[in-house]
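Line by line, the protein sequences give chains V and P. All residue numbers for the first sequence refer to the working numbering, where the first residue is 1 and numbers rise by one. All residue numbers for the second sequence refer to the working numbering, where the first residue is 1 and numbers rise by one.
Hint data in this document are derived by calculation from the structure and do not stem from the laboratory. Misleading hints may appear alongside valid ones.
Calculated lysine to aspartate or glutamate pairs in the EDC-like style (CA-CA distance at most 16 angstroms, straight line) [as the list claims (entries may be wrong)]:
1) K165/V / E67/P
2) K246/V / E67/P
3) K273/V / E65/P
4) K28/V / E100/V
5) K200/V / E175/V
6) K341/V / E430/V
7) K290/V / E138/V
8) K248/V / D45/P
9) K200/V / E219/V
10) K273/V / D85/P
11) K273/V / E67/P
12) K542/V / D516/V
13) K133/P / E430/V
14) K273/V / E97/P
Now the stretches of chain V that chain P is said to cover, found in silico as 3 or more residues with beta-carbon under 8 angstroms [stated by the list, open to error]:
15) 9-19
16) 268-279
For every residue, glycine included, the Cβ atom is placed at its ideal position computed from N, Cα and C.
Each chain, written out:
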Amino acid sequence: MYRYDELDHQVVRNRVLQFSNQMERYLKGEISEEAFLPLRLQNGLYVQKHAPMLRVAIPYGMLSSNQLRMLARICWDHDKGYCHITTRQNVQFNWVQMHEVPDILNALSSVEMHSIQTSGNCIRNTTSDPLAGVCDDEVADPRPYCEIIRQWSSLHPEFAFLPRKFKIAVIGAEEDRASIRLHDIGLQLVLDESGALGFKVWVGGGLGRTPMLAQVVREFLPQEQLLGYLKAILRVYNRYGRRDNKYKARIKILVGSLGIEAFSQQVEAEYQKNYRDDTLLTEEEIDYAKSFFSAPEYAPLIAEETTAPAADTAYGRWLERNIWQHKVPGYRIVTISLKHKNRAPGDITTHQLEQIADLAEQYSFGEVRSTQQQNLLLTDVKGSDLYALWKQLDALDLATPTAGTLIDTVCCPGGDFCNLANARSLPINEAILQRFGDLQQLYNLGDLSLRISGCINACAHHHIANIGILGVDKNGEEFYQITLGGETGQRSSIGKVLGPSLPMERVASAVEKIIDVYVEHRADSNDSFTAVYERLGKAPFKERVYASHS
Amino acid sequence: MPHILKNGSVQLDSWQMAEEAAEPNSLTQSQLILPFEQWLKLQPDFEGLEHTPGFWLDAGQVTDEMELVINAAPVVAIRFTSFTDGTGFSDASLLREIFGYTGELRATGTLLPDQVPYLLRCGFDAIALSEQKDLEQALQLLSLSAESYQGSVTAPRTPFHRRTQKSS
Numbered sequence: 001m002y003r004y005d006e007l008d009h010q011v012v013r014n015r016v017l018q019f020s021n022q023m024e025r026y027l028k029g030e031i032s033e034e035a036f037l038p039l040r041l042q043n044g045l046y047v048q049k050h051a052p053m054l055r056v057a058i059p060y061g062m063l064s065s066n067q068l069r070m071l072a073r074i075c076w077d078h079d080k081g082y083c084h085i086t087t088r089q090n091v092q093f094n095w096v097q098m099h100e101v102p103d104i105l106n107a108l109s110s111v112e113m114h115s116i117q118t119s120g121n122c123i124r125n126t127t128s129d130p131l132a133g134v135c136d137d138e139v140a141d142p143r144p145y146c147e148i149i150r151q152w153s154s155l156h157p158e159f160a161f162l163p164r165k166f167k168i169a170v171i172g173a174e175e176d177r178a179s180i181r182l183h184d185i186g187l188q189l190v191l192d193e194s195g196a197l198g199f200k201v202w203v204g205g206g207l208g209r210t211p212m213l214a215q216v217v218r219e220f221l222p223q224e225q226l227l228g229y230l231k232a233i234l235r236v237y238n239r240y241g242r243r244d245n246k247y248k249a250r251i252k253i254l255v256g257s258l259g260i261e262a263f264s265q266q267v268e269a270e271y272q273k274n275y276r277d278d279t280l281l282t283e284e285e286i287d288y289a290k291s292f293f294s295a296p297e298y299a300p301l302i303a304e305e306t307t308a309p310a311a312d313t314a315y316g317r318w319l320e321r322n323i324w325q326h327k328v329p330g331y332r333i334v335t336i337s338l339k340h341k342n343r344a345p346g347d348i349t350t351h352q353l354e355q356i357a358d359l360a361e362q363y364s365f366g367e368v369r370s371t372q373q374q375n376l377l378l379t380d381v382k383g384s385d386l387y388a389l390w391k392q393l394d395a396l397d398l399a400t401p402t403a404g405t406l407i408d409t410v411c412c413p414g415g416d417f418c419n420l421a422n423a424r425s426l427p428i429n430e431a432i433l434q435r436f437g438d439l440q441q442l443y444n445l446g447d448l449s450l451r452i453s454g455c456i457n458a459c460a461h462h463h464i465a466n467i468g469i470l471g472v473d474k475n476g477e478e479f480y481q482i483t484l485g486g487e488t489g490q491r492s493s494i495g496k497v498l499g500p501s502l503p504m505e506r507v508a509s510a511v512e513k514i515i516d517v518y519v520e521h522r523a524d525s526n527d528s529f530t531a532v533y534e535r536l537g538k539a540p541f542k543e544r545v546y547a548s549h550s
Numbered sequence: 001m002p003h004i005l006k007n008g009s010v011q012l013d014s015w016q017m018a019e020e021a022a023e024p025n026s027l028t029q030s031q032l033i034l035p036f037e038q039w040l041k042l043q044p045d046f047e048g049l050e051h052t053p054g055f056w057l058d059a060g061q062v063t064d065e066m067e068l069v070i071n072a073a074p075v076v077a078i079r080f081t082s083f084t085d086g087t088g089f090s091d092a093s094l095l096r097e098i099f100g101y102t103g104e105l106r107a108t109g110t111l112l113p114d115q116v117p118y119l120l121r122c123g124f125d126a127i128a129l130s131e132q133k134d135l136e137q138a139l140q141l142l143s144l145s146a147e148s149y150q151g152s153v154t155a156p157r158t159p160f161h162r163r164t165q166k167s168s
């Protein structure tokens, strides 16, 4: 895991001091609301419905036990005893006090964390594959490059006031667990014919009002040219991206209006004009970055070492759904489920954070990762420790055996908390949970994704769910639009709107009907939802959902 | 006389911004920053003037053609129309990095003191804010921005460059 040196500490400490200065001036009335807005957003501070919300970066999803303990302390000292894990490897505190934020940032900096550029029209936290370094389908570990990008993009002087937010994701694996094609820039580590390492570069993806999949802007970018090329893309965007309309300001709109070829030519021209040796990453630098992500000291184990008492069906279920293969024999990757019926998806309490910190130290080299599905992972657990770990996770309500099923729901805080939301998302989730309580039924359905966003900002990424639900406002009332057929992972696709939006009370039953149609038409349990949807089209789903009300 | 921030201090500004096209005879009397169009038109007649005028343009108005003439201007001012519009940051970087502009590059218009550290690192070397107290505030914030990962347009670096230099 990356560790700060003196430069990192100074940059982050200075940032805390700058923000303290800004907050002081704001509270004294020396900065207008309008001027304070971009300043606080660049420090992850939103003004929400009930209280300000602070978003803190979990760079490429990695957290140490010490960092977890600090998050726990902040939950306890400054929040209501819990926080929220987001879909983009951030953590949110929903009940902070404005004047306490500098203290929180100070506390975070002591464990090498920050909230720099977690919101606002700037380069956001770089996200990555939560299985980086432990999965077996990886060309190279993306994390060293994520860290290079984190540093390069943090307080970059040229790109702090972009037309709109800008998100970068990096993967090294074939399977895309970071949804790179939904990012402004997606980077996939690949080898060229000569075996040299570089990136396939995608640009112009994004959700929101106009969901688009990113397109390839460069088939192969040698790794040493990474930063110069990113700068060229960002400069073209900063100069030519639209600023007159918030909904047309993302880079996807620029790419769409120019066409990918013309955009690519502009970027290449900019890159060539500005090509300088001092933007190239040296081998030494890359090796230095890599040195922080070497594999932990795995014990030599035998592959099939899991202790599963046959009688314990709850444990068996958990093994079936929440455990993933590890590239090292004898080790497993464990999903810590943040989907429990008594809590909002992604919410985690002070006590749980503290306990996970201990469990990570005991079982997984003192590190956890956060996932796009709003869960946590212990990535390096010995198979022989699984039963003991499960018992402890279960006692903490962190072992709901539903990873990857329909009710591993991704859900934003919605209208209950968020100022931007048009509708609540949590009650929809609860209503769906009530209908899909039978685990056997869920397992029979197999892998399915359900995502619920409270507004078009699409924080829950509903467009890429098999079943996506979007809260909309109709004359002051909460309505919900359903999209079907979205997908991320092996391939990416954006879901299509099923029909007119529905009132809250009809949403859960609509989901049930959609599932019924799927089950009736699938060939077998390997026939995925999107495969069936693409085969049938939306007609039978639409017919069923709207039948009795047409 | 208004103030600017330059060379690490707040000082009196000897230049005058001509918001509209200036009277040609005023060129002999003051140090003027003309609108770009006028500057370009009058440029052949600058020889013999005690103070060669500079020019200004709104952020986002930089064109490739300027590369040929820009070094004839002792001052180029980029006017920000809104502090949320960051086009001018790229303009400045472009002028320095690609056009090779070496004269004074000043930021003017609607800006926050908090943006000054970024402006300087993008290659601006003079900052004109309407309120003197904002310039003082900017100086204070500058003292909290001594370190960065990227360096500046004039001394850029990749993030790990210094670390690997040290260790080798």
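Evaluation of the provided hints:
1. K165/V / E67/P: This hinted pair is violated, its Cα atoms lying about 30 angstroms apart.
2. K246/V / E67/P: 32 angstroms, violated
3. K273/V / E65/P: It holds: about 15 angstroms lies between the C-alpha atoms, which stays within 16 angstroms.
4. K28/V / E100/V: 15 angstroms, holds
5. K200/V / E175/V: 14 angstroms, holds
6. K341/V / E430/V: Holds - the C-alpha atoms of E430/V and K341/V are around 8 angstroms apart, at most 16 angstroms.
7. K290/V / E138/V: 15 angstroms, holds
8. K248/V / D45/P: Roughly 44 angstroms between the alpha carbons, so the hint for K248/V and D45/P is violated.
9. K200/V / E219/V: 5 angstroms, holds
10. K273/V / D85/P: 24 angstroms, violated
11. K273/V / E67/P: 13 angstroms, holds
12. K542/V / D516/V: 12 angstroms, holds
13. K133/P / E430/V: 54 angstroms, violated
14. K273/V / E97/P: 9 angstroms, holds
15. 9-19: holds (count 5)
16. 268-279: holds (count 5)
Consistency note: the structure conflicts with the earlier hints numbered 1, 2, 8, 10, 13.
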